[in-house]
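Start from the sequences, fold in the hints, and give me the full structure.
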Amino acid sequence: MAIKLNKTLYRTILILTFIAVNALIISGIGSALAFMNTGADRTSMLHLEVPMEDVYKPNLTWIDTINPGRPMEKQALGEITNDYMNAWHVRNIAYKKNDRYGVEDFYTDSARVRLYENIDLNIANNNWYKRTTLNHNPDLDFYSADGTMVVFKDYGVEEYQEIYEKETLILRERDTTSYQVMMLLEDGFWRIRHLKEIPTPKDTSKVKPRKVKDQLAKIKDLRGLNYYPKDSPWDTFGKKFNDTIINNDFKIVTKMGLNTIRIFIQYEDFGKNKVEPKKLELLKKLLDKASTNNIDVLITLFDFYGDYDVSNWTLTHRHAETIVKAIKDHPALLGWDIKNEPDLDFESRGKQRVLDWLEQMLINIKKWDRNHPVTIGWSSPEAALELSNEVDFISYHYYRNIANFLLAHNKLVENIENKPIVLQEYGVSSYKGLWKPFGDNEEDQAEFHKLTQEIFSENNIPFMFWTLYDFNKVPKEVVGRLPWRKKLQEHYGFIDKKGNEKPAFKYISKQ
Amino acid sequence: MRYILISFISFLLFSCSSKEKQQIITVEHPLVTIESKKTEYIAGDHIKLVFKTSKVVDLKLQLKNAYGNVLINPTEINGALINFNIPKNYSRLAGPCHWKLLHTGNTLLNGTVSIATNKTEMTHLESYFGPRSVTAGYNDYSMLTIAPTDVYDNPLDNDTPVTIKYQFLENISDLQVTTENFIAWYNVRSTTKSGRILVTSECNGTTSKELTTIVFPSNATNFNISASSAHNYADGNQILTFKSDIIRDEFGNMVSDGTLVTFVIKNEKGAHLYTVGTTLNGIVEARTLHPDYPAKWEVQAFITGAAQSNLTNFNFQSAIKDYPVTFSKGNRHIEIGSFESFMNQLVPDGILVQLDIYNKDLKFIETKKTTTKNGSSTIYLGAYFLPNGTYTFKIKAAGITKEYTKKLHGN
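Read top to bottom, the protein sequences are chains B and U.
Start counting the first sequence at 1; every next residue gets the next number (my numbering).
Start counting the second sequence at 512; every next residue gets the next number (my numbering).
By construction, these hints were calculated from the structure, which means they are not laboratory data.
Heads up, a few of these hints could be off.
Said to hold, decoys possible - Pair by pair, the computed Cβ-Cβ distance ranges are:
#1 B/60 with U/813: 47 to 55 Å
#2 B/33 with U/768: 35 to 43 Å
#3 U/700 with B/60: 31 to 39 Å
#4 B/62 with U/717: 31 to 39 Å
The C-beta atom is built at its ideal place from N, Cα and C for all residues, glycine as well.
If you want it as structure tokens, here you go:
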């Protein structure tokens, strides 16, 4: 018996090894062939302009291009701007990785040596830098008659950098510097020949003071909900966008006696740094409907974004800038929520990295829109203390035991001086079933909302509950793949999957 | 056993617990003052920053200039005095060099050292000249840009004088300009005479290399042409040559070699013929073949978009006065010729002969074309092509038309 078993075992092992060896050989030959077929494209000899994906998009505005040399052409100006930005980008990357890669494309022989010497010093000292620039205001001084040399001043370059020694952050700094730059056209590349720091002229332009009082006054009486359409949760502006449905939903919202909704804009869905005009159109349509129904809208930006790395700050800035500047004058706009629950990314991305990104974004949005308040949708009242000086009103979410709510809320109130505090998300799922046999049912949910409404009206707490509808499908990006989480998330609504009002409905609409 | 198990489990639990929160360490910063009072340096100077500290701790100095940052450690600690030597690539770059004295990530002191360009040592010159060719006249120019730098490749300050010299033919001019925005520049204007302009420049005793721009002649002006040939007989063999006088631009410069000239010939029927030539030393020559029938040609030459010539005429007289035509083999074999030219010599091969065939009602049937060989040509009209009957034949050659009406028979 034992011998027979052994024999079968050996046979199986032999056959399996044979198959495995064959598979290895075939995949080896395959990858060798694939390797042979790759290589430099012949056209690369021609030094043609390589289409590059956008990697670095700080705000850049030419002050003017008047110069005594030669009138500046639009085409040339575009190429100069592009290569100048590339020069900053490769330099940032070079200092981050302490690697010379790409520097020779955008710095002439004698200029690149300076960068190399710096890199060598940093390697010797074990230092590296995360850097980015946020703002450039070039002003042309000279463009030569044969179009191969350009000199310009770049005023008010806002720089941000983090200095690391090995893995330790030594220093973070923001500063504003001005440069004078000479670039030469060589082999189809505009390369930096000279770079010299010059004094930054005093900014005499008058910035309009911010006017957020009116909007902030609304927040005290805010009664609202987090809104997704029934059939397209986490995809408001997707293929199923239908403004009639949205209009009907808004009528329900008004009927419930609410005055505000919170919506979400997803970073990738809206086209990252190149915001799609079509999506903006849809956003405007939604805001128009809200406006006709007298509903204020709090817009949450950067949903499903979670990188925060300094190297793509500028891309997120362009994303926000396009949206903010397009929407800022809309009457339905209440304010900007920069990010939903960023504190949940503290662990995976590093707290400082997330906070730095948020802080810069707050500065930016305050600059682009002078009339609407900004906030951050923290996931807990404890986290809401972060950046509380920078935001105009505090927002936090509460899904823990309601019995402890007031305690946590009041603790937050004690630590915040004179800023409205909004309970931006709360709620309870009415799912009771296979995955959560002892969960709350619809009656429990109704009880919960009855209780919370009492608490809010007693303590004057502005609230936004989660959410209007029960959803049929929750994308895996929201709560993951686990069915007990998904099921729970599907049943937070006030209207069930069939469109019937749940018992909780009456406790909101009564007031 | 149980204890081992429990301790093992508890070990597992502890090792899985999340990282402990970092304890906040309160740091006492030392009192630091800067000892070095000098803040103005010249590029290439040895720069040493000395600080006096109340307590010897781990201090670092951050330096920042236009090209980047570096974090350096003290080179020497002398009791309470801490010395930092600024690395060469920072002390050699003109412009402000910002420093920050750091202790555990906090800035204790900061300041700026300003470094001026080095005027005492040798100056380097980079000069650029372009475009490298211009056209003669009053509009065009080449721009000379000079970017002088000091020995450490720092662009010189504004208002540094630069001498520019340029030579054309016997004239050598020099003038002085000053730098602004890293560069000095001068537009070297084109001359009315074609030739070469050489330029050079000089700054603080350093001279640049020699640079050149070529002044090409400007656009051509109107010119004259003439036509000539060995004879004026229309023999379809001789070559007619067109030649211009010297073509010049408005300043009297011969146009550039290789200027393309198109000759347009208009014959008495209003048809146009073309031939082209390119200039050499201002003169263009173009050739074409004589026609094989008498003609009157009007010839004019053009330089597209720039100039045109006079109109010249050339008349061809007929070389062939007459030719015989013989019919044989039931009138189906037609021999045309021999053709004899103006000295009764046989004409060269290739004179066009055309036969138009009409039926007896003078309705057109067909055209046959052939060319002469050894002075004559033959056409055979097979029965498969023309059935027996009466036909009219018109023969055209060398501008002479002959008409016959013949009855075809046999095969």
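Hints, one by one, checked against the model:
Between residue 60 of chain B and residue 813 of chain U the beta carbon distance is about 50 Å. The supplied range of 47 to 55 Å therefore holds. Distance hint check: the CB atoms of residue 33 of chain B and residue 768 of chain U are about 56 Å apart, inconsistent with the given range 35 to 43 Å. Restraint check, residue 700 of chain U to residue 60 of chain B: a C-beta distance of roughly 36 Å satisfies the suggested window 31 to 39 Å. Taking the beta carbon of each, residue 62 of chain B and residue 717 of chain U are about 35 Å apart, inside 31 to 39 Å as hinted.
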